[in-house]
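Protein chains: 2
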Amino acid sequence: MNPLTTRRMETKLDQLQQRIDFIKAIDALKEVQRKTCLFSESRYENSAEHSWAVATFALTLADYAPSGTEINRVIHMLLLHDIVEVDAGDTLCYDEEGSKDKAQREQAAADRLFGMLPTKTAQHFRTLWDEFEAEETAEAKFANALDRMIPVLHNLDTGGKAWIENSVTFDQVIAKNQKIGRSSPALWNYLLPRIQRAHQDGWLL
Amino acid sequence: MNPLTTRRMETKLDQLQQRIDFIKAIDALKEVQRKTCLFSESRYENSAEHSWAVATFALTLADYAPSGTEINRVIHMLLLHDIVEVDAGDTLCYDEEGSKDKAQREQAAADRLFGMLPTKTAQHFRTLWDEFEAEETAEAKFANALDRMIPVLHNLDTGGKAWIENSVTFDQVIAKNQKIGRSSPALWNYLLPRIQRAHQDGWLL
Ligand SMILES: [Ca+2]
Numbered sequence: 156m157n158p159l160t161t162r163r164m165e166t167k168l169d170q171l172q173q174r175i176d177f178i179k180a181i182d183a184l185k186e187v188q189r190k191t192c193l194f195s196e197s198r199y200e201n202s203a204e205h206s207w208a209v210a211t212f213a214l215t216l217a218d219y220a221p222s223g224t225e226i227n228r229v230i231h232m233l234l235l236h237d238i239v240e241v242d243a244g245d246t247l248c249y250d251e252e253g254s255k256d257k258a259q260r261e262q263a264a265a266d267r268l269f270g271m272l273p274t275k276t277a278q279h280f281r282t283l284w285d286e287f288e289a290e291e292t293a294e295a296k297f298a299n300a301l302d303r304m305i306p307v308l309h310n311l312d313t314g315g316k317a318w319i320e321n322s323v324t325f326d327q328v329i330a331k332n333q334k335i336g337r338s339s340p341a342l343w344n345y346l347l348p349r350i351q352r353a354h355q356d357g358w359l360l
Numbered sequence: 156m157n158p159l160t161t162r163r164m165e166t167k168l169d170q171l172q173q174r175i176d177f178i179k180a181i182d183a184l185k186e187v188q189r190k191t192c193l194f195s196e197s198r199y200e201n202s203a204e205h206s207w208a209v210a211t212f213a214l215t216l217a218d219y220a221p222s223g224t225e226i227n228r229v230i231h232m233l234l235l236h237d238i239v240e241v242d243a244g245d246t247l248c249y250d251e252e253g254s255k256d257k258a259q260r261e262q263a264a265a266d267r268l269f270g271m272l273p274t275k276t277a278q279h280f281r282t283l284w285d286e287f288e289a290e291e292t293a294e295a296k297f298a299n300a301l302d303r304m305i306p307v308l309h310n311l312d313t314g315g316k317a318w319i320e321n322s323v324t325f326d327q328v329i330a331k332n333q334k335i336g337r338s339s340p341a342l343w344n345y346l347l348p349r350i351q352r353a354h355q356d357g358w359l360l
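For the protein sequence lines, the chains are L and F, in the order given. For the first sequence, the numbering used here assigns the number 156 to the initial residue and increments by one for each residue that follows. For the second sequence, the numbering used here assigns the number 156 to the initial residue and increments by one for each residue that follows.
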């Protein structure tokens with residue numbers, strides 16, 4: 156075998172090893188605990204199983220995305236959206252203090268983790284993650300809407316467990332989640348009366 | 156509002172409720188324990204977080220699929236492939252006894268769980284799951300290859316923890332996993348020498 160062929164094969168093998176090392180590194184997302192419980196309330200959920208649930212939610216609710224939305228880009232974003240938490244941890248969206256340096260911590264995490272991959276894939280994944288974070292495209296807006304909707308459903312189902320534990324108020328829930336309606340009016344029309352009822356019933360203050 | 160419009164809106168709301176009920180039902184996949192550990196070995200993994208890992212693995216290894224493979228259908232299959240375990244539990248692929256009635260238990264689970272969805276989505280998801288199980292299309296073969304590859308990587312990384320705990324032999328590992336190479340020779344060329352070394356080093360008998 157001539158040296159060039161050998162080098163090419165090594166590079167291809169190196170690139171596979173880089174991808175496998177990335178998968179091993181992000182396995183740690185299974186150990187990042189969120190503030191939200193399982194629907195069974197048996198324990199808190201982790202960010203890896205949450206990522207599966209919300210990506211599957213996107214596949215299940217594809218018809219509720221604005222027309223023209225590329226649902227596969229939504230799914231790709233949701234598979235990758237929490238990976239930075241391997242380094243940066245999960246920050247509750249209502250946590251003003253923790254949210255201050257969140258962007259900086261997550262940027263550093265994205266640099267390190269996506270940087271483990273071969274250049275083209277690293278750029279592809281980083282672009283998807285940046286798009287999700289910027290919330291400007293139809294795909295990013297819908298992905299963020301679903302990511303917000305899941306914890307609201309958990310709270311509505313568990314008598315506001317995470318809301319109560321974290322002293323989250325009705326006004327905060329509305330302020331943080333009403334943008335769901337700008338991506339998908341049907342989803343917000345489903346959630347809003349349920350959030351209002353929780354407030355009227357007194358377990359969301 | 157005329158009665159027809161009202162009926163249409165109710166139907167649309169019912170369909171959304173069906174989708175949300177499905178998401179709540181499959182949340183139980185987070186409580187199905189697999190025989191494989193996290194890479195950190197801190198605990199066994201569950202089928203929900205495994206589904207996230209293998210779907211993300213597909214996105215990361217898209218270049219290793221045979222040309223013409225629709226990677227998004229692979230990802231859809233992998234998001235849905237284990238959902239039946241909510242009712243049927245996880246069966247180790249080396250478990251001959253448990254594998255006997257596995258197909259029957261999983262068919263019943265697929266009927267119940269996908270049957271929670273509006274008809275069109277139920278049929279779509281069931282078709283994807285049937286395709287994954289049949290392992291005939293390029294997409295199903297690649298999805299199955301990745302689903303097999305992840306536990307092999309776990310075992311290679313943990314000194315064969317799950318293989319030893321379940322008395323799995325070298326011959327069984329080769330027999331069950333060599334079809335990875337029929338979907339993606341590059342992936343099998345990566346795994347095979349590592350499995351052989353584990354055998355030579357004596358921790359895979
Ligand atoms: Ca998050």
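Hints should not be assumed to be uniformly reliable.
Copies of the same chain look alike in the list, so a pair counts if it fits in one copy or across any two.
As the list claims (entries may be wrong) - The calculated DSS-like cross-link candidates involving lysine-lysine, where the alpha carbons are at most 25 angstroms apart (straight line), are:
(1) Lys334 x Lys167
(2) Lys190 x Lys334
(3) Lys316 x Lys275
(4) Lys275 x Lys331
(5) Lys334 x Lys179
(6) Lys275 x Lys179
(7) Lys331 x Lys179
(8) Lys167 x Lys257
(9) Lys316 x Lys179
(10) Lys275 x Lys334
FYI, nobody ran anything at the bench for these hints, they're computed from the structure. It should be emphasised that the depicted structure is a prediction, and the values quoted were computed from it without experimental measurement.
Hint check:
{"no.": "1", "hint": "Lys334 x Lys167", "in the structure": "between (44 angstroms within a copy, 21 angstroms between copies)"}
{"no.": "2", "hint": "Lys190 x Lys334", "in the structure": "within (21 angstroms within a copy, 41 angstroms between copies)"}
{"no.": "3", "hint": "Lys316 x Lys275", "in the structure": "neither (42 angstroms within a copy, 34 angstroms between copies)"}
{"no.": "4", "hint": "Lys275 x Lys331", "in the structure": "neither (35 angstroms within a copy, 33 angstroms between copies)"}
{"no.": "5", "hint": "Lys334 x Lys179", "in the structure": "between (35 angstroms within a copy, 23 angstroms between copies)"}
{"no.": "6", "hint": "Lys275 x Lys179", "in the structure": "within (19 angstroms within a copy, 37 angstroms between copies)"}
{"no.": "7", "hint": "Lys331 x Lys179", "in the structure": "between (33 angstroms within a copy, 22 angstroms between copies)"}
{"no.": "8", "hint": "Lys167 x Lys257", "in the structure": "neither (36 angstroms within a copy, 38 angstroms between copies)"}
{"no.": "9", "hint": "Lys316 x Lys179", "in the structure": "between (33 angstroms within a copy, 16 angstroms between copies)"}
{"no.": "10", "hint": "Lys275 x Lys334", "in the structure": "neither (33 angstroms within a copy, 28 angstroms between copies)"}
Consistency with the previously given hints fails for numbers 3, 4, 8 and 10, ordered from lowest to highest.
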